[in-house]
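Q: Residue-level listing of the chains:
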Amino acid sequence: MLEVSRLTIRFDGTPALDGAELTVEDRSIHVLMGPSGSGKSTMLRAIAGLENPDSGDIAWNGMSVLSTPVHKRGFGLMFQDYALFPHRDVAGNVAFGLRMQGLNPVAIRERVDEVLDLVGLPGHGDRSVGTLSGGERQRVALARTLAPHPRLVLLDEPLGALDRSLREHLLIEMRAIFNQVEATVLYVTHDREEAFTIADRVAIINGGRIVADDTPEGLWHQPPDGWTARFIGLENLCTASKLRDLGVQPPSVTTATGVIPPEAIAVSPTGSHTAVVAGSHFRGGAYRVELDLGADSALVTWSPIGLEPGTAAHFDIDATRISWFED
Amino acid sequence: MGDSGAMKTRPWVLLLAVPPALFLAYFFIYPLITILYTGLVPNGRFATSAFTEVVTDPTMRSVAWFTLWQAFLSTVITVALGLPAAYVFARYRFPGRSLFRALTLIPFVLPTLVVGVAFLAVLGPGSPFGVDLRGTIWAILIAHVFYNLAIVIRGVGVLWEQIDPHIEDAARSLGAGRWRVFREVTLPLLRPAILSSAALVFLFSFTSFGVILVLGDLHHTTLEVEIWRQATAFLRLDLASALAVLQLVGVTVILLMYGRFSRRNAAELPLRPSAEVARRPRTSGERVFIAATLGMLGLIVVTPIVVLIARSMSTPTGPALTHYANLINPPRASAVFVSPLDAIGNSLRFAIPAVIIAAGIGLMAGVVIVSAKGHSGRLFDTVLMLPLGTSAVTIGFGFLVALDQPVDLRASAMLIPIAHALVAIPFVIRSTVPVMESVQLRLREAAAVLGASPRQAWREVDLPLVSRALAVGGLFAFAISIGEFGATSFIARPATTTIPVSIFRLLGRPGTFGEAMAMAVVLMAITGIAAMGIESMRGSRSGGV
Amino acid sequence: MKHVLNGLLIAAVALAVAGCSADDTQPDEVVLMTHGSFAVSDGVLEAFTDQTGITVNVLQSADAGAMVSQAILTKDNPVADVLYGIDNTFLSRAIDEDLFVPHSAAAIETVPRGLRVESDMVTPIDFGDVCLNLDPDGLAALGLETPDQLVDLADAAYGGTLVVEDPTTSSPGLAFLLATIATFGEDGAYPWQAYWQDLVTNDVRIVPGWDQAYYGEFSGGSGEGDRPIVVSYATSPVAEVYFGDLDTAPTTVLEDGCFRQIEYAGILNGTKAEQAAGQLVDFLLERTFQEDMPLNMFVFPANADTPLPDVFVDYAVIPTDSRVMEPAWIDENRERWLAEWATVVR
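Which chain is which? The protein sequence lines are A, B and C, in order. Sequential numbering of the first sequence, starting at 445, is according to the numbering used here. Sequential numbering of the second sequence, starting at 642, is according to the numbering used here. Sequential numbering of the third sequence, starting at 1355, is according to the numbering used here.
This is chain A alone, in the form it adopts within the complex (with noise of 0.2 Å):
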């Protein structure tokens, strides 16, 4: 288990981690998300031993690591650039750490032939790197983070550099080999949905401070903050005045934003609210309906049936499933 406590690195007299605290838990996959700049790659580097922190600890299972060197702590790290050794082929790359760990020849090509086969690329341990395909060099990349067996593994926007289609695949697929190796995983991403697939509980990090952290289901139903509820995507964010508006009571004065969820909104002939239709499009078996409000705010529930833009609907609100920010 990972401890993180009160970290704080500061460059040049700017705070990029600012008393942060996270805990990753065994057999977990814990995901780090925030904007560019809040620290989430500072904070990786710091657990892997890369960066020093100016006050605060790093421990695991207990024992503050801070005193250990970064070849010592047994943290696997997997860089957005991948950062493959250009002298060495596949195989040497993945071999790396385990000739480290001091392995005999025949261990070390046993689990390099192992862990090729874990990431989907068997037999592929004589190719040059340079001749590699993006997919490949992930997963070249992968193979060699995760075959000296590293306590935790940390990876960086690893699927940064592939497309979309590619990164959804690869996506489960790391996944589903991170469970089956049971591994310990802090993985960093600034993406919404590569962070609720793949995760156990996000973290989310802003200013150098974790400001939530929490499975995804419960931060998407439960985001502690107005900020949180805007990064993570949230929809149908609503003013507390816009909600008056809507004969929705806000708890108390200094509410100032109210979450609709989506499934809070029903659309029925008998409605009590009124709004044009934006648009309505067919996601597989329900319709996305956006409805306008007017004065550019918008709302946006599912249908079973799909609606005529630009005529009315009438809708319902569940105001229990609302949750109220004060921010």
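The hints are simulated quantities; they were obtained by calculation from the structure and are not laboratory data. We put the CB at the ideal spot given by N, CA and C, even for glycine. All the given hints hold, so there is nothing to weed out.
Computed far set for chain C versus chain B, every beta-carbon distance over 12 Å: (1) 1462; (2) 1463; (3) 1466; (4) 1467; (5) 1490; (6) 1505; (7) 1506; (8) 1536.
Capping the alpha-carbon separation at 20 Å, the derived lysine to any residue pairs in SDA-like fashion look like this: (9) A:516 with B:1096; (10) C:1626 with C:1411; (11) B:1014 with A:494; (12) A:516 with B:1082; (13) C:1429 with B:679; (14) C:1429 with B:875; (15) A:686 with A:699; (16) C:1429 with B:1047; (17) C:1429 with B:1045; (18) B:1014 with B:654; (19) C:1429 with B:684; (20) C:1429 with C:1446; (21) A:686 with A:708; (22) C:1626 with B:1046; (23) C:1429 with B:677; (24) C:1626 with B:1045; (25) A:516 with B:1094; (26) C:1429 with B:675; (27) C:1626 with C:1475; (28) C:1626 with B:1047; (29) B:1014 with A:456; (30) C:1429 with B:1046.
Knowing the structure of chain A, use the given hints to seat chains B and C on it.
A: Chains B and C in isolation, oriented as in the chain A frame:
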């Protein structure tokens, strides 16, 4: 390196700096100071008159000025001609590539006596080009280019051939034409290597002795020749020392300027193994460019070599291998005839230790220079370059006066490889440092994360990528030693007949000219073989580096 | 790091193997310091070892000037025991610097009086003459008579025919300059400076070294140049015959204006092996070495009892009127002469 938090130079870096520092201190700084002191403070009083004489004499001043501007001009021309050649060798595959590249190293080893003969044939009366450039500045400049082209071609080439061409492709796709790409993308990336090579060429030209001696005349003479004259013809050691100080001051200023210009944050380059970078020429424009560049190389480098070979085979009865036969089976009993095998063996006896010392010390120094924080790295670098810019006469004489305590090394054969190494170390450094500075930090971090200690990471990541550059540096060290660069001025040497000594002997009396040329061809052949050996070695690593 | 240390270890071992010279002269070793033209046949120095049990370690400087300079520099702790190859142009300076310990060689009586030095401070070993060499065919092709005096070359008819070596970088060059000074003197109507001025007007070519002058500019013998008159040695034609296996000498010698160079050997003051050094000097003046010299260094043996090789007997010329100059006189004026010469020819 891996840990950017530490701002102080780490202890192992300081430890690694000790052997180069000791080597330099004992075999360069100490002899230098001793001989300068001996020359300038005879009988305990500082001979200011020597300095005044040197500085006020208009002849001396013009000598100093000539030394400076001919070195500058030589450097500019060599770099200008060397860059296209470096590019052609780095980026294109074509038949004869290895051979041609090996050929460019050969001028480097030729004793200047031999070069003088070759150039006289090419540029003197009876020149196939119908010119007579004897005694002109052009002869000197061309000779310098002839000698030093290899430095630029290999020094820049090593880096160029590992730069990912995708960077340039990216620039082109963004709308930059070829020339702009070169100026704004490639050139900045190559800057460290270009400046390195230029610095070496400048130092060589500045302290040029043999070329000036052979091709210059009274109006075209350098400080180095003047120092030699004063020390060995006029026996005015005080003037010689004053001139040596002047030369050293000039060199130090240049090196400091060079240090400022080559800022050490060379961009981290994505380095790719060269096997993937070089390709066959695709367009006719490329072919023409390659042909033109090779033509230029042929003119400057190959012609004199061909002339030498021709001379070695010319007999009164037409071309024949008589002279070679004479070397192996001397027709006349005379000590000038030495079997080529013996001479080669003797040369190698000195060359191999010289290369080992230069490569070892140079590599350590290179690591220190790259890893040391702040100005100390650059200072170390400058000091290590100084031997190249110091009068060989001074160093040689310095050995004689200084190295008799605690052990009398003055007559020792060990001094020869050491002297060669002193001159070769800057080459090793200049070859390896630009590449070391460019190795991506990321790769080292990846290695560290995979369990490699800093030393292991260096060995696993830096060293293979740097090994090519080290091979280039080692090759120069070999060439310097085989050609006995600066030997004329060095220490009293044991009379082992190395190849250059043999050539010197054969050229020292009438009637053995052909044999001298034959020996010179032997020298060229060995160098060529060594150069091509390095080429093939470099291609066979896993991953194609 | 390990590789580097290994490398250093190998280097140390290689050095130890390569440089097995002893630190100090062992009692059974003697160190001979000489210049780059020194050449001796296999077996000759070994004969010395057989005779005396002492091995000879030869150190070679680049040329005589460098050698003398180096010897003077190290006179407080000489790097060798015997110095061989110092000639009359540098002798006085060396003696003034107390470089030598006097020694009367065993065979000294065989040396002609004119070659010997006061109190035998040094021992004459060989001599030779620096003379102008002529290419008869080349001269004939230019329609010129063979000159028979130095002063002839000042004649405009001989324009563009002469190549000389720079006296500041070449021993024969210096010898020739001294010959002209000895011939024309410094006072009088036509001093040597005027002669040189005429040579310059006559397009004399000045090159740094003998090899360039002879091989590069001279048209005779094995030279590949276009000038038929060069400053070389009286024995050069002999060498041409010897190495070219010829019947007649392709070149001739202008006997006027030759300069006699005498080479000496001396025991260095401060040597720790004075006795062995004495034995070596003796050896240098004895038959085995003296006999070997002519065909290796193309000089004449100082030991008058030495038989000359046939090719010398048949083809060598010993000029009868070589200029000589007192070493002390040379030493006193050399710097001034060289400077004045440089001014004239610039």
